[in-house]
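Colleague: Sequences are here, hints too, so could you generate the full structure?
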Amino acid sequence: METSNTSIELFSETAKLPSEVIAIIVGYLPKCILPNLLYFPPIREIVASTILSDVHIGTYIFRHEGSDEPDVGYSKCYCDRFDIKFSNLKKGIEQWNIYPKAIHMEIEVHFKNVLDTFPRLLKEASSINGSLSSRKGSEAETVLNLILNSNIRFDSLELSNFRGPIVPPVATNIKLSSTILNSYNISGMKKLDIKMDFSDDETHEYTFSSDLEDLTIDANFSMQVTLPPNLRKLCVRAGWDSVDFISQEMVYLEHLQLKLPSIESFEDIGIIAPNLKTLVLTDCEELSNYDNLKQFQHLKHLVLTHCEYPFSLLRKGTFSELESFEYTAGEDVHPDDFTDELLTFPANLKKLTIHCCDFVNLDLENLILPSTLTQLELHHLIFDDGYFYLSENLQHVHIKATKLTFDSSFRIPPMAEQIKLSATCVTFESWDFMYHLPNSLTSLHLATIDKENPIHINQRIKWPLMLGSFTLKGFDINCNALELLNMKESRLEVINISECNIETLNIDLFPISVKNLTLMQIGIRELPASFEKLKNLRELSLMRTRLKKVNPVKLPISSLKVLDLCQCDLRLLSPFLISMLEEKNKNAKLLVDATGNWNLNITDVKSALKAIRGLSLHLNKPNSTLSELFQYFSRVDCMFNVIDPYFEEPEAEEVAVSNYDSKDFYEGSLIGLNGEDNDDCHKRRRMQ
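Mind the numbering: the sequence shown is residues 1 to 688 in the UniProt record's numbering, read in order.
The hints are simulated quantities; they were obtained by calculation from the structure and are not laboratory data. Please read all numbers here as calculations on a predicted model, not as lab measurements. Each residue gets a CB set at the ideal place from its N, CA and C atoms; glycine is no exception. Keep in mind that a hint or two might mislead.
DSS-like cross-link-like pairs, simulated, lysine-lysine; straight-line CA separation at most 30 angstroms [as the list claims (entries may be wrong)]:
(1) K586 <-> K561
(2) K112 <-> K175
(3) K277 <-> K233
(4) K85 <-> K112
(5) K400 <-> K515
(6) K190 <-> K101
DEER-style ranges, computed between Cβ atoms [to be verified]:
(7) N506 <-> P454: 13 to 21 angstroms
(8) S183 <-> P35: 20 to 28 angstroms
(9) C357 <-> P528: 14 to 22 angstroms
(10) S559 <-> R163: 51 to 59 angstroms
(11) A347 <-> L17: 21 to 29 angstroms
Modeller: Here's what the structure looks like:
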């Protein structure tokens, strides 16, 4: 959520919607805000139903609280379910006559109490989930027998640091963490997740029930695993110790994920799975022979991470059903490994991803991309001289290279939705492609480091209605080109114009639809008098734009939440805050990031914090002066590591406070220990 208070107007309007729509909306809200919505009578029953639908019975309850500061409070609430004490849960059920569909609990704390005093709670639930930890010997057996004798079946059961002979057939899904059992053959179990760490040199043997369909083993010791025949998903992550698999042909296995650093050939694994759909290999550093992978002719998804590149594997005649291939190179890949190799791919491939840790050389003539591709990601590649082409079926493109050159006929593919092209040098022989942007385009990102790369446009751009995000970084753009971009006629919500030399900034060139505007290092020394026309603006970044002295600037405070002034060579913050002193904005909240401005006037900062209660700041803490000052203000976050590229000795008339008596400094300041006003009759006033 964006505010600490629920909006009466918003939820009054929400109440007019059909109940099933309200339930969907409420279901997407942070769990911790839901109790506040019980105060809205038209929707309170739906809210109560959402609260009680999925609960975690706990002893100590923590709730996120509301905050207008971004990334704080409800915006950090990712609680999957509602935490509640057992006593309050009973009261809620009694009041609303609604029983939870899903229950989660620590078994050793709550299960017996729930079973003895409120058994209907367990009978009404369709999903019961529990956890047990730190139980050994007879104590462990006692707890497990209690579950067994209750005739309650758990949807999921998690055991941590548990020592017991067996787990009775009481759960469909079981997770074992640092837990040792005499037998892992558990009847009725469909999913098992084992995470174990042994320090001995023994080979540990695992055998499982034929009911098992999903198995994950995360271990760092030698083991022998007998695979059950009905497995559909297998994930094994191991260290350099040996792993031996014993299995018959696994006709049901569709997903195989392995981390086996010591294997040299896939044939050594011995898994035969004719219907495999997904294969994920991670950190198989010694694996060089991929020939045995050709058995998986129904493979649809292949992912290789920190492995050798399978040059000989991906030919047009192999894997006719393969839809996606993702490759992430390890640190041992040499820049010249790809130089003379031919990169071909199956004819029906739709998604291709190649990520390299360091830039590797690739001859463009050796990169044979199938026309069926809809998604293409190429990172850290060095292409030789030549033109890069994008096939017509591409919808998502993300390329990061040292050099990208597009000929004069270049056009963005007609079905493209997201295009991101980044390189040290991006060259378009013609910018005519900007006059032919496809209607499907939602995001366009063009970035270069070469500052000598000019934009040549001579007519106004017509923007697709669906395009919401536009980035132009590092290109040589002037005021005239900025006007011809014609962004004011667009519906852009995210705009990033960075590392150029505009000189004069005209706010009328931007659309009122923009919510996030980044103008970083754009060569201006003076800001316009007002940004208020951008009434939907939520985040404004002027980072690394050397402003130094600034005249008063009016901002759209009713919508603006974040102002980024990092590394702007500022002396004063007050010119940016005049709109917050207006009566209509007295309840506004604004976070200002002014890190990297080491010449800030401390008196100006203090005055701003005293005058504007809705102001929060991120500042550097370079010396003891700031450290002592900011302990009085809870709305200030002090950073250590943001440099100021323009730092110099302050000019005489702008000397920051360095030597003062702290007692005299705060004398009569009307601020308490947290920098808040203690005077109820305090009037908002202009900063000194």
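Colleague: With respect to the beta-carbon atoms only, verify the hint that S183 and P35 lie 20 to 28 angstroms apart.
Modeller: 45 angstroms, violated
Colleague: Please verify whether K85 and K112 have alpha carbons no more than 30 angstroms apart.
Modeller: Given that 30 angstroms is the threshold and the Cα spacing comes to 15 angstroms, the pair holds.
Colleague: Can the restraint linking K277 and K233 be considered satisfied, given a maximum Cα separation of 30 angstroms?
Modeller: Measuring from Cα to Cα gives roughly 10 angstroms; hence the hint holds.
Colleague: For the pair supplied as a hint, K112 and K175, is the alpha-carbon distance within the 30 angstroms limit?
Modeller: Satisfied, since the Cα-Cα distance of roughly 21 angstroms is no more than 30 angstroms.
Colleague: Straight-line Cα separation of K400 and K515 no greater than 30 angstroms?
Modeller: 27 angstroms, holds
Colleague: Is K586 close enough to K561, meaning Cα to Cα at most 30 angstroms?
Modeller: Holds: K586 and K561 sit about 14 angstroms apart, inside 30 angstroms.
Colleague: Starting from the range 21 to 29 angstroms, see whether the pair A347 and L17 falls in it by beta-carbon distance.
Modeller: Once the Cβ atoms are compared, 48 angstroms apart, the range 21 to 29 angstroms for L17 and A347 is violated.
Colleague: Starting from the hint 51 to 59 angstroms, judge whether the C-beta atoms of S559 and R163 obey it.
Modeller: 58 angstroms, holds
Colleague: Between K190 and K101, does the CA-CA distance stay at or below 30 angstroms?
Modeller: Holds. K190 to K101 sits at ~21 angstroms (cutoff 30 angstroms).
Colleague: 14 to 22 angstroms was suggested as the range; check whether the CB atoms of C357 and P528 agree with it.
Modeller: Check failed, 43 angstroms falls outside 14 to 22 angstroms.
Colleague: Is 13 to 21 angstroms respected by the C-beta to C-beta distance linking N506 and P454?
Modeller: Between N506 and P454, where Cβ atoms are some 20 angstroms apart, the hint holds.
Violated hints, listed in ascending order, are 8, 9, 11; each of the other numbered hints is respected by the structure.
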